[in-house]
Amino acid sequence: MTTTAAPTIRPTITATPLRCRNCGAERAAAPVSICEQCLGPFEPVYDPNRTLPDARIIAGRGPSLWRYKEWLPFQGEPVYSRDSGFTPLVETPALARRLGVARAWVKNDTVSHPSLSFKDRVVAAAINAAAAFGLDTIGCASTGNLANAVASHAARAGLTAWIFIPDDLELGKVLGTAIYGPKLVRVRGTYDDVNRLCAQVADRFGWGLVNVNLRSYYGEGSKTVAYEIAEQLGWRLPSAVVAPMAGGSLVSKLFKGFGDFLDAGLVSGRAPRLYGAQGDGCAPIVRLVERGSGNIVPEVPHTIARSLAIGNPADGGIASTVIRETGGWGAAVSDAEIVDAIQVLARDTGIFAETAGCVTVAGALALARSGRLRSDDEVVLCITGHGLKTLEAVSGSLPEAPVISPRLREVAALVEKAAQ
Amino acid sequence: MAITLNLPSVLAAHAGGARTIETKGRTLGEAVADVAARFPALGPRLQDKDGKPYPFVVFYINDEDVRFRGGFEAPIQDGDEVTVIPAIAGG
Numbered sequence: 022m023t024t025t026a027a028p029t030i031r032p033t034i035t036a037t038p039l040r041c042r043n044c045g046a047e048r049a050a051a052p053v054s055i056c057e058q059c060l061g062p063f064e065p066v067y068d069p070n071r072t073l074p075d076a077r078i079i080a081g082r083g084p085s086l087w088r089y090k091e092w093l094p095f096q097g098e099p100v101y102s103r104d105s106g107f108t109p110l111v112e113t114p115a116l117a118r119r120l121g122v123a124r125a126w127v128k129n130d131t132v133s134h135p136s137l138s139f140k141d142r143v144v145a146a147a148i149n150a151a152a153a154f155g156l157d158t159i160g161c162a163s164t165g166n167l168a169n170a171v172a173s174h175a176a177r178a179g180l181t182a183w184i185f186i187p188d189d190l191e192l193g194k195v196l197g198t199a200i201y202g203p204k205l206v207r208v209r210g211t212y213d214d215v216n217r218l219c220a221q222v223a224d225r226f227g228w229g230l231v232n233v234n235l236r237s238y239y240g241e242g243s244k245t246v247a248y249e250i251a252e253q254l255g256w257r258l259p260s261a262v263v264a265p266m267a268g269g270s271l272v273s274k275l276f277k278g279f280g281d282f283l284d285a286g287l288v289s290g291r292a293p294r295l296y297g298a299q300g301d302g303c304a305p306i307v308r309l310v311e312r313g314s315g316n317i318v319p320e321v322p323h324t325i326a327r328s329l330a331i332g333n334p335a336d337g338g339i340a341s342t343v344i345r346e347t348g349g350w351g352a353a354v355s356d357a358e359i360v361d362a363i364q365v366l367a368r369d370t371g372i373f374a375e376t377a378g379c380v381t382v383a384g385a386l387a388l389a390r391s392g393r394l395r396s397d398d399e400v401v402l403c404i405t406g407h408g409l410k411t412l413e414a415v416s417g418s419l420p421e422a423p424v425i426s427p428r429l430r431e432v433a434a435l436v437e438k439a440a441q
Numbered sequence: 002m003a004i005t006l007n008l009p010s011v012l013a014a015h016a017g018g019a020r021t022i023e024t025k026g027r028t029l030g031e032a033v034a035d036v037a038a039r040f041p042a043l044g045p046r047l048q049d050k051d052g053k054p055y056p057f058v059v060f061y062i063n064d065e066d067v068r069f070r071g072g073f074e075a076p077i078q079d080g081d082e083v084t085v086i087p088a089i090a091g092g
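Note that the protein sequences, when read in sequence, are chains A and B.
Residues in the first sequence are numbered from 22 upward in steps of one, following this note's numbering.
Residues in the second sequence are numbered from 2 upward in steps of one, following this note's numbering.
In case anyone wonders, no lab produced these hints; they're calculated from the structure.
Note that the structure is predicted; figures quoted are calculated from it, not measured.
Glycine included, every Cβ here is placed at the ideal spot set by N, Cα and C.
A hint or two may mislead.
Stretch by stretch, here's where chain B covers chain A in the computed footprint (C-beta under 8 Å, at least three residues) [to be verified]: (1) 57-67; (2) 210-221; (3) 313-327; (4) 333-340.
Whole structure, please, built from the sequences with the hints as guidance.
Structural data, given as C-alpha cells:
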C-alpha cells in the first residue's frame, strides 16, 4: 500500500481558497472538492481586486494557457506543464458552407501539447494544484484522454501516477497511457463504476486525483478554450460554440470563460449560444436540455464515442442550465453519424479527430439541419482529441488502398481509372 | 447481520468520525431514515427535508447505483452494503 503523507515538492505556487457553489461556505485551499457542510462542489475564489492584464499585455506573453494566469486559480508561477494550451483556431469555409452559416472555425485541440487532447488544459491546472499542496502522486478516473494526459504530465514532472480506466477502452487510449509508465489499472465496468471507485480511492489514499479531489482547480483549465477563442478571433466573441459533452464540465467552463472576458472588458457583446453534443447511446445531458427541468437521469452508455461515455455526468445539471440560458441546444448523434463526421472534418479541414471530437461535427450538422444555426452565425466547433487515438472507429469504413508492382504502367492504369 | 452504510470522510465528521454505520430497513429509504434518526447532524446531508435523495449524493447498494433500482424505494436486506458517494467527481 502506498500513501503520500509527506510532501516532497517545495511549492513555489499557491492555490486559491475555495467557495461552495451550493451553500457559499468558504474554506482555505486544499485538495478537497466537496463542501463539508452540504456536499456541494467547491469552486476557486478569485480576488475581485486583483490586477488584470489588458489585451496588449496578454498578446505579449508566451503561447500557452498560462498567458491567462490571472484567471487560473493560483498565485505565483506554474511549476509544471508551462507549455500546454494555445492551440490553433482554424477557419473552415467548407464546413461553414455545410452548416449554412456565415463563418466557421475549428478550435483544434487535436494538436494539444503534449497528449493530443484538450485534457492537457485541465491537467496543467491540476498538476500545479498538486504542486501547491506538495502531493507527489496524482491520478484520475478516465475514459481515455484524461488518462493519456495525466500519465504524460506526471512523467515529465517526475510524479507517480495512478490511473484507473474501464477495461474495454480503445487500444490507442490504453497504449497512449501505458507508454509513460504510470500505475495503470483497468477496471471491469463502465466509466461510472471507475469514477465511483476513484472517489473512494481519493478518500482512502490521499493522492491528488485530478478529477476527484483536485477537481475544483482542474476544471478551471477548461476556461482557457474560451479565452483562446476570444483572443484568436481578434478579441471578439463568436455567436455560437458547439462542444462535446461527457461530464458536462467543458460547456459550463466555456460559459464561465466567456463571462470572465466580458466582465474584464476584453470583449464586448453577449456570450455565444452554447450547444452541447453527445452520442445518442449516452446522452443524459442532451435529454435534460430537451426536458428543460429536473435532474440528470443516469444512463448505461452504449456509444463508440467512449471518451464521452459517462452515464452519470457530474456537471450535467449546470451544463444543461448554461446551454438553455445562452439560447443554445443539445444534439444526440448516432455512431454512424460520428464515423461520417470524422471523414467530413478530415476532408474539409485536414484535421483528423477522434470519435468524441467528431461528435461535435456530427452535432453541428444535426443542429444545422434542424434550423438551430443561423445564416449569419459565426460558429466555433471545439474539436477535442486526435483521431489516431480511436483508429478502430474508422478502420472498417475506408476503402482499401490498391497494391501494385513498382511499374509505371500500373500507376497509369490507376490514374486512368481515377479519371473515369 | 445488519446492513452496512459506508460514509466518505467528508460525512464521517457528522457521524462522530465513524466511517461505517450499521442500519436496518426494508428499503434504502428506511435504512437512511434509521441513520438520520440516530445521527441528527448526518441526516440532512443524506436526505432532504422531505426524506428524498439529493441529486448530488449518490447511493450504491453492493456497488450498484440505486438510481437504476428505484432510488430510495430500492429493496434492501441484511448483509447488503450501502456506499454513499458525493456525485462531484468525474468527467
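(request) Of all the hints given earlier, name the ones this structure violates by number, lowest first. (result) Checked against the structure, no hint fails, so every one of them is satisfied.
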